[in-house]
Amino acid sequence: MKYVIFGVSCLVLFLVFVFGSSYYQKQQAEKFGFMAQENASTFIRDHSQTLGSDEAKVYLVEFMDPACETCAAFSPLVKQIMDAYPGKIKLVLRYAPFHDGAEDFVKILEAAKKQGKYWETLDIMYKSQPHWASHHNPQPQRLWQFLPMAGLNVEQIKKDMNDPAIVKIIEQDMADAQTLNVRKTPGYFVNGKPLQTFGYQQLQQLVQAEITATYQN
Amino acid sequence: MPQPDPKSNANWTILFLCWLLVSMSTLGSLFFSNVMEFAPCVLCWYQRICLFPLVIILAAGLFPFDKSVVKYVLPLVIVGWLMSLYHTLLYAGIIPENIQPCTQGVSCTEEYIDLFGFLSIPMLSFLAFSTLLTLLIILMRRISK
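Protein sequences appear in the order of chains A and B. For the first sequence, position 104 matches number 104 in my numbering, and the numbering has no gaps at all. For the second sequence, position 113 matches number 113 in my numbering, and the numbering has no gaps at all.
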């Protein structure tokens, strides 16, 4: 009898946890779906860097941190997904520099934008990340040597990166990240739908589902 | 099959309730961190260290019922209870934040939930540890009689 009570309790606890989780995730998905319609600017701001056609119907919003290893690892994978559906996906980059000192790299990126080398710089940044972002101690001075590879004027970057407007951009993005409950990077939203369980395959499936839904005609 | 006497049956039930409480608290804590993705602060981790093993230790004491399990879980429960008391006071602002031990990562006073206008996560922990401590003291007294 005691074994039965114990076993049933275990089962009930387990089921409550599993159903609670899936219920919560469904609620969140609905909440963000609603926000995507009613409050689209939380996902994309005027200052946000985008890549892809303006005709695209699928918006892939990525909250990223230049010092985050997983963001670097996902960067080529996101490009693969975009290449698989040419013209159908628009990538929106948002900043969530959670690592200490990662703001500096966002500043460098924004400064590179002024020179029209945003994506080249991001690419170099990700590729050289192991050199300048040893654990929890990102050091901008270690990045300088790589920046000319992106065709940048480094002296100009050093001037431009201190623009207070960039601080405002970071603050806005961090505030939106909090609203959208992004606590880890990279954080993905596809047309407002959050990536429920993290993984490349899951991201691919979510994008595919949205492509199918929006381009069915 | 020998009929167990009602007194030891009641003792088993008390211990079982302790286990149930601990299991619910553990799953609740995991729900906050893994499903709702709230990052646990340092103080939360110390309380979790005292809480999580109880699920296993109490279950082991249930089959067959072993009264000495109380002796082994009590130190963990007392430490957890003190931590949760400290955390609750810190959260409520009764202890000033500048003497808190957490410097990096999540602040121990970051507000994640506010159930019914007064229940915070540290308070949930405090309530759980207090109930647990009460149940264990009751059980200890019954056993020593």
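Worth flagging that the hints you see were computed from the coordinates, not collected in a lab. Don't take every hint at face value.
Unchecked claim - Using 30 Å as the maximum straight-line C-alpha spacing, the simulated DSSO-like pairs for lysine-lysine come out as follows:
1) K2(A) x K31(A)
2) K2(A) x K71(B)
3) K79(A) x K2(A)
4) K2(A) x K145(B)
5) K90(A) x K2(A)
6) K158(A) x K113(A)
7) K2(A) x K57(A)
8) K26(A) x K113(A)
9) K26(A) x K57(A)
10) K71(B) x K114(A)
11) K158(A) x K88(A)
12) K7(B) x K2(A)
Do the hints match the structure? See the list:
no.: 1; hint: K2(A) x K31(A); in the structure: violated (43 Å)
no.: 2; hint: K2(A) x K71(B); in the structure: holds (22 Å)
no.: 3; hint: K79(A) x K2(A); in the structure: violated (57 Å)
no.: 4; hint: K2(A) x K145(B); in the structure: holds (24 Å)
no.: 5; hint: K90(A) x K2(A); in the structure: violated (58 Å)
no.: 6; hint: K158(A) x K113(A); in the structure: holds (13 Å)
no.: 7; hint: K2(A) x K57(A); in the structure: violated (58 Å)
no.: 8; hint: K26(A) x K113(A); in the structure: violated (37 Å)
no.: 9; hint: K26(A) x K57(A); in the structure: holds (23 Å)
no.: 10; hint: K71(B) x K114(A); in the structure: violated (67 Å)
no.: 11; hint: K158(A) x K88(A); in the structure: violated (36 Å)
no.: 12; hint: K7(B) x K2(A); in the structure: holds (15 Å)
Going down the numbered hints, you'll see the structure goes against 1, 3, 5, 7, 8, 10 and 11, while the others check out.
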